[in-house]
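Student: Protein chains in written order, with the working numbering: chain X, 1 to 263; chain D, 264 to 526; chain W, 527 to 789; chain A, 790 to 1052; chain Z, 1053 to 1315; chain F, 1316 to 1578.
Below, in silico cross-link-like pairs of lysine-lysine (DSSO-like), each with a Cα-Cα straight-line distance of 30 Å or less:
{"hint": "1", "chain 1": "Z", "residue 1": "Lys1210", "chain 2": "Z", "residue 2": "Lys1263"}
{"hint": "2", "chain 1": "W", "residue 1": "Lys684", "chain 2": "W", "residue 2": "Lys737"}
{"hint": "3", "chain 1": "X", "residue 1": "Lys211", "chain 2": "X", "residue 2": "Lys158"}
{"hint": "4", "chain 1": "W", "residue 1": "Lys737", "chain 2": "A", "residue 2": "Lys1000"}
{"hint": "5", "chain 1": "F", "residue 1": "Lys1526", "chain 2": "Z", "residue 2": "Lys1263"}
{"hint": "6", "chain 1": "A", "residue 1": "Lys1000", "chain 2": "A", "residue 2": "Lys947"}
{"hint": "7", "chain 1": "X", "residue 1": "Lys211", "chain 2": "D", "residue 2": "Lys474"}
{"hint": "8", "chain 1": "F", "residue 1": "Lys1526", "chain 2": "F", "residue 2": "Lys1473"}
{"hint": "9", "chain 1": "D", "residue 1": "Lys421", "chain 2": "D", "residue 2": "Lys474"}
Honestly, the hints are just simulated from the structure, not real lab data.
Number of protein chains: 6
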Amino acid sequence: MADLDIQYTDGPPTKPRMGGRDPGELRSLHVTPGFIGPADGSVLLELGRTRVICAASLVDGVPGWRRGSREGWLTAEYSLLPASTHQRTPREASRGRQDGRTVEIQRLIGRSLRAVVDFGALGERTLYVDCDVIEADGGTRCAAVSGGYLALHLALMKAVDEGRLRALPLADSVAAVSVGVVAGMPILDLEYAEDAAADVDMNVVMTGAGKLIEVQATAEIVPFSREAFDQLLDLAEEGLRTISAVQTEVITDVYRSRAGRDG
Amino acid sequence: MADLDIQYTDGPPTKPRMGGRDPGELRSLHVTPGFIGPADGSVLLELGRTRVICAASLVDGVPGWRRGSREGWLTAEYSLLPASTHQRTPREASRGRQDGRTVEIQRLIGRSLRAVVDFGALGERTLYVDCDVIEADGGTRCAAVSGGYLALHLALMKAVDEGRLRALPLADSVAAVSVGVVAGMPILDLEYAEDAAADVDMNVVMTGAGKLIEVQATAEIVPFSREAFDQLLDLAEEGLRTISAVQTEVITDVYRSRAGRDG
Amino acid sequence: MADLDIQYTDGPPTKPRMGGRDPGELRSLHVTPGFIGPADGSVLLELGRTRVICAASLVDGVPGWRRGSREGWLTAEYSLLPASTHQRTPREASRGRQDGRTVEIQRLIGRSLRAVVDFGALGERTLYVDCDVIEADGGTRCAAVSGGYLALHLALMKAVDEGRLRALPLADSVAAVSVGVVAGMPILDLEYAEDAAADVDMNVVMTGAGKLIEVQATAEIVPFSREAFDQLLDLAEEGLRTISAVQTEVITDVYRSRAGRDG
Amino acid sequence: MADLDIQYTDGPPTKPRMGGRDPGELRSLHVTPGFIGPADGSVLLELGRTRVICAASLVDGVPGWRRGSREGWLTAEYSLLPASTHQRTPREASRGRQDGRTVEIQRLIGRSLRAVVDFGALGERTLYVDCDVIEADGGTRCAAVSGGYLALHLALMKAVDEGRLRALPLADSVAAVSVGVVAGMPILDLEYAEDAAADVDMNVVMTGAGKLIEVQATAEIVPFSREAFDQLLDLAEEGLRTISAVQTEVITDVYRSRAGRDG
Amino acid sequence: MADLDIQYTDGPPTKPRMGGRDPGELRSLHVTPGFIGPADGSVLLELGRTRVICAASLVDGVPGWRRGSREGWLTAEYSLLPASTHQRTPREASRGRQDGRTVEIQRLIGRSLRAVVDFGALGERTLYVDCDVIEADGGTRCAAVSGGYLALHLALMKAVDEGRLRALPLADSVAAVSVGVVAGMPILDLEYAEDAAADVDMNVVMTGAGKLIEVQATAEIVPFSREAFDQLLDLAEEGLRTISAVQTEVITDVYRSRAGRDG
Amino acid sequence: MADLDIQYTDGPPTKPRMGGRDPGELRSLHVTPGFIGPADGSVLLELGRTRVICAASLVDGVPGWRRGSREGWLTAEYSLLPASTHQRTPREASRGRQDGRTVEIQRLIGRSLRAVVDFGALGERTLYVDCDVIEADGGTRCAAVSGGYLALHLALMKAVDEGRLRALPLADSVAAVSVGVVAGMPILDLEYAEDAAADVDMNVVMTGAGKLIEVQATAEIVPFSREAFDQLLDLAEEGLRTISAVQTEVITDVYRSRAGRDG
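Taking the hints into account, I'd like the entire structure generated from these sequences.
Tutor: Listed below in structure tokens is the structure:
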């Protein structure tokens, strides 16, 4: 189990943020691959105080509506541990239904990851990507996408190692980040207190090659201009290049440690 | 019950689309205000073959978590009539739960409309905006936002007329439109067959004053470039100015017909 | 899309009712066939201010318990749009279950329509009849039966036209009407305010040939005598002959307009 | 615990039925009052092989929508024990929802019993009438109404004895019976095998004074004539007079045994 | 339908209990075999005022996860009739879910009965054991196990009689009893009022041969010593020998009455 | 965040077990207090490969049925992360209900912890103890009890520190362990593969003072003798003394580190 602890800073701060970060500065990003033993692929992704366990399982068979298509499928699920939030969040299994926010987030994660999977190469198999937030301090859906991609990659690596797949059925990598406008200033990677104070909230999902998969911008209180929107998208793209680089490092490191073990 | 039937065309077609529309051409837009008698405000909005009944009800009281805040709330609900789609859609009430797409759409409608309501001026009242699609040919969520705004405006007009409110608690108007890339060409206001063939699918919600409320872009198959994204947003903004103009005309017409009746 | 607007009056009023109707007078009845484009058969049926969209879909296959029987099935579903009632009715899909009244009504509609369908001739196909009330002013279940029959007939006509069926698998037509006792007077086709004041509430379903399919009489407050019951049934039979005549006219008109189109 | 075992026969058989009964003959009717110790009022009602436990509980308070009205309410619930039917019926609590038939039946029982309760005299109290079928051989809903009335009466007697109520808040008694047409012959009180073969199925609820509370007639296969309907209603009224007489006997017997105990 | 009414007393009372029982004395135990006509096997088991209907149904097929195993399965279900308890218990089917206590109890009954069934000899068939409490005065889960075993045995006897099975697929019999500590005194077979006052509550399931199947001891208020625990287990084993003897008597009696009928 | 890593071995192995443990040897036990930042009290408890996050939250108010009692309440919830098991476990929130095993386990945890809380001293507050298994290798319910106690203790310490409580409302500590018989040999603390092969499965909950709270023994295949039962209970008591000692050490360590920080 290798740990990568990388902290990124871009130049001198232009304006003080909560926690002293620059407007375009990510929180410290820490990834622990192999966090869940029985999972095919898993990571603990920590982005500042936001911590998400992402696990991917590769299972034979596909949902009924896709049977006979010779193509696979990917389903993502997202959940907050009750104690992950400042005020305890009631457990959805106890209430008997997932709330709207959960449904919306897991649909976003699923769409984002499906965009880079080659389902023909996967064959009639289903990838389950489970994202369980153990501590929530803003940006959990983006952390889930970035971590979910890593878990997915590791699960597919294992399937290749075991001969279940010939090659990785992946066209690119995926990362996500949030941006927003707080007190008139566009900032990257909002923590909870910033998110609560944001006028605009935006989540961007991008591939490692710099193509967009999903852009979701929402005016929290005041509608925003096209200019503000463009600025936020620039900020997000910059942050996503950094996260993408960390993802590459994590994957490379796992390949190396396996090679070392095998060699 | 006044009907407005407006058809917009922008110059000669540059490239053939299904149904012969130009890339930047809206479908014909038809609004029937007062479509549901008992509702406080209602319209039937028809955008080509897509038809949505939007109804707004103003009810005293707010959800528990907002009680004592002296502020109101707005909840949107969205549903497809089973026969509205080419293949019958099973009724959600029979299955005992709303599916993820429904939840996601009604959250979008709710956020979009809440962005222009002054909840302090509304006081502890709840606006329910019900959007029931009676025929679905693409763009139903956008039609629901545009029509939902009209129903909302009419319901608030009625509350002002009846003396429940002193003035319209609205900061601006709201309209939504879809854009997408089909066969490499960015097009406005996709009908169902185009939507099914789209590489990128994007919904944009904008105020009458041209400010953005929500931007949601999704890569259906292939991730997209920042340039494509910018082009789509331009196309959407143009279409939204047209829808916004129709909304103004509908509202003006209702005011006029009331004045005529009263005078 | 042809419209039929027929208003029935039977002689001079003997006693004043709400809206000035005679005791044995139906509300104005208006049918718009083809109201929902994608449906196999559909109508908007308007009975005074009560308005119901009825749509029928013919789908291959039958429920599990009927598989292998070589016989078809018919399922009816009924729903009130939230804004259809004076006080907004909460959406059943949001609450996660259909209430008892809905279940009871859709069972009545299903039994009524199944009584005239020849399921052997239909083969292993399912007819879904969806009745969505867009405005409720009393008598919605009866309007749903009468309109549901029309949607069903139109859907089966289409299946015959397309060669899916050799002949209409229908033994007769079906119509329904409500009768009741208000302030001691038996009256036909109660609107909501009358229904709320009724001592006895009765719904009668009859075929075009004058045979009974379903009779449901309920004492709302005071039990009633056999004589009152017999009087009400007489009144209902008379009203049903009128509705049945309108149904015939609607169907005939659709056949004529098709013949004109084809000829 | 007193048992009453009464068998009614009306003249010589005119035509053979299953089990040798005359067309207008009830099955043997057996009532065990006080069958459930903790209930305020209860009976085991046995009608041939159909056996139903009916229990009534009088609880302070009313449902929210009736609070402040100074009037009471009555709620009926109906359930089949899984082993009560020839093929085991899956338990509704395990499946998480009541099926349509259950909902329809318990609404019928509730309406029937409410028709004779004086809710003003009851005050803000709720009567729960639970009807649990332990063996089902046709006519369970009618047995539940007839037995439910007895449980209700006994519970109210107890409340009067204990001084919770000044007088019985009952305007009349209630009984129900089924009639139907089998092989062209109108018959009374159908057992399961007859019910399955019936062309018309009808349930009639009547007061002890001979007034109608509910009439529900359904064509199972072939629509029926007004004449057949009238004949069935005659047959039902005759049967109901017999059931009503048994109810009176049961109640009288309980009063006597109490008087004996107290005197 | 044979009735067995057996009352067991062990020596002179050492200390007064509610109802005058000795600490080690069972309540009177009464079994009515064949209580539910349509069930394959059934009993009414009465233990003092606690009364449970137990019914067993043998159905072809097994749950999906066990298909192809050539082994059978047993599922137990437990329910309280609403009126069975002093304060009416809301019906689980109405609330849409079984509560935790019900789930826990039916799992206990299922495990207890499965321990003596030879599922290989049963083949791919499912035994449903339904335990419906009609009156609850403490010890219902134990009464359900003891009665459930009898229903199960009778259902299997019937299957052997009908040639569906060659021999009884049973390794032993099963009985259960509760013990507890009330006011410092270990007592057997607690009735409700004792149970509510108990410091320790323990349920023991044992085979006829004296082997343990399940031991569940719970400190209600104060944790208990190992010594107290051992004493309780002794008391339970003694009571279980008595119940087991009654079970043998019931089964023997049924065999005898069948032999008499056949001979 | 202090880590305690303690490995317990009791003398030389007498017989080989999976993983080389002695029959009476616990797996390595590792506790990380403060694992979840926002929780009032939390630990990650690792028992061999079994890993559970336990978090306790202290919330003002109690469930409705306890209001006005001046006493608090404790509710425990238990969940398996989908990827925690070898074959992915479907998420209960997606299926809309908790399964029977989950319900049974969380009831056990709740009863065990409630046995040592002084609810009068707690006042009208609710303790939520959430146990989320991130890796399941046998003994998860016992790990949840032992870890749940620690989370509970830490949450109450925090409440005392913050002045919400005057003193710890705890009468004792609580720990749990599993024992079982595998291949005829009684063993302590079964891992998953042993559990799957066990003839008898037993969970014991004990206080730090050595009093029993809960004993649950189940015959998985073959009923067991009283002697085997007694042996298992001896083995469990020994293991529980060890776990209890670790709990004391963890708590002491947290107190010390706080004192160091404050001093």
